[in-house]
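Participant: Sequence lines, in order, name chains Z and P. Position 249, counted from 1, in the first sequence is what our numbering calls 249; the numbers after and before it change by one each time, with no gaps. Position 49, counted from 1, in the second sequence is what our numbering calls 1049; the numbers after and before it change by one each time, with no gaps.
Treat the hints as calculated values from the structure; they're not laboratory data. Mixed in with the good hints, there may be bad ones.
Unchecked claim - Footprint (simulated), chain Z over chain P, 3 or more residues, beta carbon under 8 Å:
#1 1045–1058
#2 1071–1077
#3 1093–1101
Here a beta-carbon is modelled for each residue, glycine too, at the ideal position from N, C-alpha and C.
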Amino acid sequence: MTRVGIAACGIIPFTRDDQSIESVLLESVVDLFEGSDADRGSVDAVLVSTNSNSKYLAPILSETAGLGPNIAHTVENLCNSGTNAMVSGYSYIASGLADVVLVSGAERYDSPGQVLEWDRSRGGFKHPIFWASILARSYKRRFSISEEQLAMVPVKNHRHARDNPNAMSKKACTIQDVIESKRVTDDIRLLECSRPCTGSASVLLASEDAAKRLSKEPVWIAGIGQKTASAGFTKSESFSSLESTRIAADVALRMAGHAPKDIDVAEVHDAFSVCEPMALESMGLCGPGGGAGMVRDMYDTENRMINPRGGLIGSGHPLGATGIAQAVEITQQLRADAGSRQVGGARTGLVHNMSAAGTSSTVLVLER
Amino acid sequence: MTFESELAEGRFRIPECASCKKTVWPPTPYCSRCLGPVRLSDGDHTGTIAEFSRKDGEYFCMVEFGDVRILAGIRDAPKVGQKVGICRCGISNGDYFFEVQ
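The whole structure should be built from the sequences, with the hints applied where relevant.
Facilitator: Below, the structure is given as structure tokens:
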């Protein structure tokens, strides 16, 4: 089976702009081809990741970008649509059905993917703020974590986002700012939430031979792990850990032949502040209950290892583009091309992307 | 008679498989274990509050009825471990709603 690499990346600033999904999609593809030597004629599959209700987006993107793929279709899986589309692209290449796959994710600020209408066991409490509040309360209770400790997540990630030209947030904040921001629920403040936005990101996946031809510095997808534990939030095994993330990370790291300690840089799905420490613990990057302390240590030492682009909280969360934007960041980090966000000497990176309160997760391990 | 038609009448009944007796939740027409047909179980269901929070002054909580979990409203300040029953439920604008006490 061929290795699969990321040969090129494209991304645009995340905003609250009212722009058609078709034009948002196209923008990161234009950025990708303008910033690389990749040839549009080499693309033989186009996958679009989005929760938009607009139809036939992959053929539309192909036509408007001047691509002539054999395969073109949409992938939707709520917030981890992006990494699911990348895994689909990987599979097309590994199976020999395609050699070069463009994976583009895009979303508008008013995406219908923010609420899972099917999950009626949530009663009248369908918005993500309700599951996030249950997780936050449960996590704080189990590990005796204070709201000030959780507030370090947005403090760190907003600080990182200041060095990300594509992030929505440009403003640093203090623990006091987080605590004094609007109390959305008893357990979540406004600054602890990622914000839906308009944005797009693209990667060009290629077989080993094609990646070496299209790029001087391909980044390899060394490990893939996915787990779907359930669809409904109320079926989750635990409300203070992420079981699907634990399994996905274990599978991805084993496939890559790595242990958690080998990860130099990671993008973690911090949809709400509590998600970051829970993900760090579930992936074995620290022990149970140690995530908040790890976040504090990273902030104090200006260590950008986790969420160097600002995560979802700092960058914004255009659902279908998020997983791909995470992969773009890790690719830039591994190419030592992340500018002032650069984590020194990064050789092995990880992307963690999840959906619907962590009922499903994808973890990718990337290497240069 | 379905879970939904009963809920629309304000009755909370727990679906279970007619063949293997597994609780089927969220409610679906077939059992996820054996794909057998689903029926509704009778009885006064007592649940336990597993977690809670509050938004705009109104409490909401995760309640466990055996293998069934729901997010429900509750009027008074809840406690984890508190025993509760459904006091109001139904369908409003297409959405289920549950209230416990």
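Participant: Hint by hint, say whether it matches the structure.
Facilitator: Status of the hints after comparison with the structure:
1. 1045–1058: holds (count 6)
2. 1071–1077: holds (count 3)
3. 1093–1101: holds (count 4)
Of the numbered hints listed earlier, not one is contradicted by the structure.
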